[in-house]
Amino acid sequence: MEFSLKNEQQQLLSKMATNDGHGENSPYFDGWKAYDSDPYHPTRNPNGVIQMGLAENQLCFDLIEEWVLNNPEASICTAEGANKFMEVAIYQDYHGLPEFRNAVARFMEKVRGERVKFDPNRIVMSGGATGAHETLAFCLADPEDAFLVPTPYYPGFDRDLRWRTGIQLLPIVCHSSNDFKVTKESMEAAYQKAQEANIRVKGFLLNNPSNPLGTVLDRETLIDIVTFINDKNIHLICDEIYSATVFSQPEFISISEIIEHDVQCNRDLIHLVYSLSKDLGFPGFRVGILYSYNDAVVSCARKMSSFGLVSTQTQHLIASMLSDETFTDKIISTSSERLAARHGLFTRGLAQVGIGTLKSSAGLYFWMDLRRLLRESTFEAEMELWRIIIHEVKLNVSPGLSFHCSEPGWFRVCFANMDDESVRVALRRIHKFVLVQGKATEPTTPKSRCGSSKLQLSLSFRRLDERVMGSHMMSPHSPMASPLVRAT
Amino acid sequence: MKLLSRKATCNSHGQDSSYFLGWQEYEKNPYDEVRNPTGIIQMGLAESQLSFDLLESWLAENPDASGFTRNGESIFRELALFQDYHGLPAFKKALAEFMEEIRGNKVTFDPRNLVLTAGATSANETLAFCLAEPGEAFLLPTPYYPGFDRDLKWRTGVEIVPIQCTSSNGFRITESALEDAYQLARKQNLRVKGVLVTNPSNPLGTAVSRPELNLLLSFISAKNIHLISDEIYSGTVFSSPSFVSVMEVLLERNLANTQVWNRVHLVYSLSKDLGLPGFRVGAIYSNNNTVVAAATKMSSFGLVSSQTQYLLSAMLADKKFTKHYIFENQVRLQKRHAMLVRGLKNAGISCLDSNAGLFCWVDMRHLLTSKSFDAEMELWKKIVYQVGLNISPGSSCHCAEPGWFRVCFANMSEETLDLAMQRIKDFVVSTATKSSNTGRSHHLSSKYSARKSLSKWVFRLSFHHDSENER
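Residue numbers (numbering that gives the first Met the number 0), protein chains in the order written: chain A, 0 to 487; chain B, 0 to 470.
Wrong hints could be hidden among the right ones.
Below, simulated EDC-like cross-link-like pairs (lysine to aspartate or glutamate); rule was C-alpha separation at most 20 Å, straight line [unchecked claim]:
(1) A/Lys83 with B/Asp52
(2) A/Lys83 with B/Asp63
(3) B/Lys296 with A/Asp19
(4) A/Lys116 with A/Glu250
(5) B/Lys322 with B/Glu100
A few chain B residues that don't get close to chain A, going by computed Cβ distances all over 12 Å [as the list claims (entries may be wrong)]:
(6) His225
(7) Pro240
(8) Asn354
Rather than coming from a laboratory, the hints here were simulated on the basis of the structure.
Even glycine gets a Cβ: it sits at the ideal position worked out from N, Cα and C.
Next up, chain A with everything else stripped away, as it sits in the complex (with noise of 0.2 Å):
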């Protein structure tokens, strides 16, 4: 008897193996396709695609290298750190190397201004974030069993979360008509839904500050959530990658804080996930930091986390690193400007041509407001708009439906990972296409939710040009300070 290739391999291997749970075939991945096949580069291929759709933070490189240039016994294998080689690299106590876990302990205390304390004892390692979330669905919940996410939320949790554990993410939807926030309502409803199908719910997943939106949760909020996980009893994970990317008011409020000083719930439900990715720019480095209140989800999650730990030679690296608090304050506080820089930037771009984004003060990205643009308020209108960025514009931004995003017409767009003269191009591609769709407003006076800007610039490509290169040369700590931004 014969099979097809494809009808054999799914003899042979498991459904895992060859389902589609892994999710890349979801139109988030499309897009880095078509920028992997025509990449943007200033001289060899200036009409490329610009790689929007990654959010990475590049804006800090400059003081890392320096300080590794400066501090060679981080480095195991350098004249002056090598006398550590072989300790660190017969080191596998899957504890982590003591140094690294009180380093990482202390610099999350430094992000969330001391306002909490951190137990080194507490921190797990994991292959990344992407690890830490598969780790604790493993402890937390059985397949079949149901984490709710509020959307619109990171296309990676449906990997991370569900592909090899069997467990469902059911969605609390959330809507522009109060930027996106989460309600006791949408809440209630989402975990009824949940009853009335049968599916148990475990845990409730949260990502603060926000990824796609950018925004981070207020007070209330957050107490809300805790609120209904502890009267649930249900877990919450608390994803707090983007942490130290917080650039602008509202301040961040983590949930260790919220547990600690605004309200009583049982400690054993909350965890926290972290990352060095995003906060400093080190996805290659694969640091994932798992945090549980829990002593037996940390004794749990550590043994599982013999399947991803972090290097002992990059655990040696960060530990130098992060142990050196001068440079962690220098750190912090400079990404934070660079990226308000940015964001402005680029904020203040699009507003000049009507195209609103939600106001935030957090991420690597925003989340722009492209509604008008659609031919139609449906997803297919969408993607069709998210082909011509992508194959027109030549800008990889990533489509709301890809975050499960309940409206169509939103976009999150990457702004930290590339330099002054690729963000120069990319507005300009914006500005000309918003202008040939014949779609160009007057400059919007931003509503109040997109920030109260008092600024207002004509058109003219002139005029954006030297207000672009101006922000070259502008200090990237004083964005409004440049002469070339008229107040009015």
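Position chain B relative to chain A; hints supplied.
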């Protein structure tokens, strides 16, 4: 409602086994030449510390690899941002060539078929996820590395059914043992998806023979199942017969690009051959594109740090270095192995004839008070607490016969190994003396005054006691 998952509250992580408990006892009372000369000597850790000087001198001569520079230029940013699960091309190429070199260049490895994982621990789990459904089974020859219980079964829900091997033929895999295991699985209503062998074997320290490899290939071919060959110790073969990889046998039998070819997968790591367990460098090699594709995506949960990939791509690309390292390391392993075998022989203890690995499979059957696993445990406790050596009892490796122990030799200094041999000799002598002096109580030498009384020892079964994880 139960707060945690079934996986979190069961014992499938395997950490309650004596394999790990011995380590805990060591942690509490570790031998140190100066600070704690009567402490427990760690002989349960399959790790090589014999050739670090070679690595260190390479590093001293190659500052670029270490300091995030290439030709003096900083590549920090490039590395820090590199998270492509396909891995650093230069590293995969160097790793593939290193693997070829270890196999005497008798096979070639295409870097595109290599998947990088966070250690072999992750590689084995990933393969289990890719090849089997929950409730399906792999057959494993006993004795086997205790960590497999966790790696293959815990989060995957896959089962292990043993292929019983015995001392009657040096624990070699036989056709009848394979068939028996297969039938046993069927009786338990378990669908067998594959066989997993470790070659060279842990804990036996023997390279799997050509006839056995041929047997395995015929078996998996007939049953239409997979073969996973964990070749993590491939570079530690220090005497003849030389290492034969299953990939080599496939080529010999002209099975390239056949259906069987698509069902043979290798696992590798640099934890044993290069002595770098902390760096978490593992790999899966498969000729099956679907497996490579799926495993690559799964590697997202445990990628190798780009910092480490870069360092090792430079190191492994230095062919002069790798050639010298592999050779010299094997020479040193052979010497240590001989020392251990001699020392044990001196105490009247024999080992399974072995030519690889970082340990010996030691025959202490004659020291058992009875031919039972209880007696084995009794003997083991004595060795840990009275003799002061952490060795691994055969039962923790699922050995079918009581009385065998795995004893590691490459993770300590020569002096420490000497001391360990002395302690064993004294123990054996005193045991012999004791049994010939029935009715008289016997005091062991005051050298072991730090020994704990058995009543203080509690066989803890709670999973709250964390421990290092190790092969």
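Could you grab the alpha-carbon distance between B/Lys296 and A/Asp19 and see if it respects the 20 Å cut-off?
-> holds (11 Å)
Would you assess whether B/His225, listed as outside the interface, keeps its beta-carbon beyond 12 Å of every beta-carbon in chain A?
-> The assertion about B/His225 is violated, with a minimum of 8 Å to chain A.
Find the nearest Cβ of chain A to the Cβ of B/Pro240 and say whether that gap is larger than 12 Å.
-> holds (29 Å)
Holds or violated: A/Lys116 to A/Glu250, with C-alpha atoms at most 20 Å apart = It holds: about 18 Å lies between the C-alpha atoms, which stays within 20 Å.
Does the claim that B/Asn354 lies outside the interface with chain A hold up, using a Cβ gap greater than 12 Å?
-> holds (24 Å)
CA of A/Lys83 to CA of B/Asp52, is that 20 Å or under?
-> holds (12 Å)
A/Lys83 paired with B/Asp63 [C-alpha distance capped at 20 Å] | Holds: A/Lys83 and B/Asp63 sit about 18 Å apart, inside 20 Å.
If you draw a straight line from the CA of B/Lys322 to the CA of B/Glu100, is it 20 Å or shorter?
-> Holds, because 8 Å separates the two Cα atoms, which is no more than 20 Å.
The structure fails to meet hint 6 from the earlier list, while all remaining hints are met.
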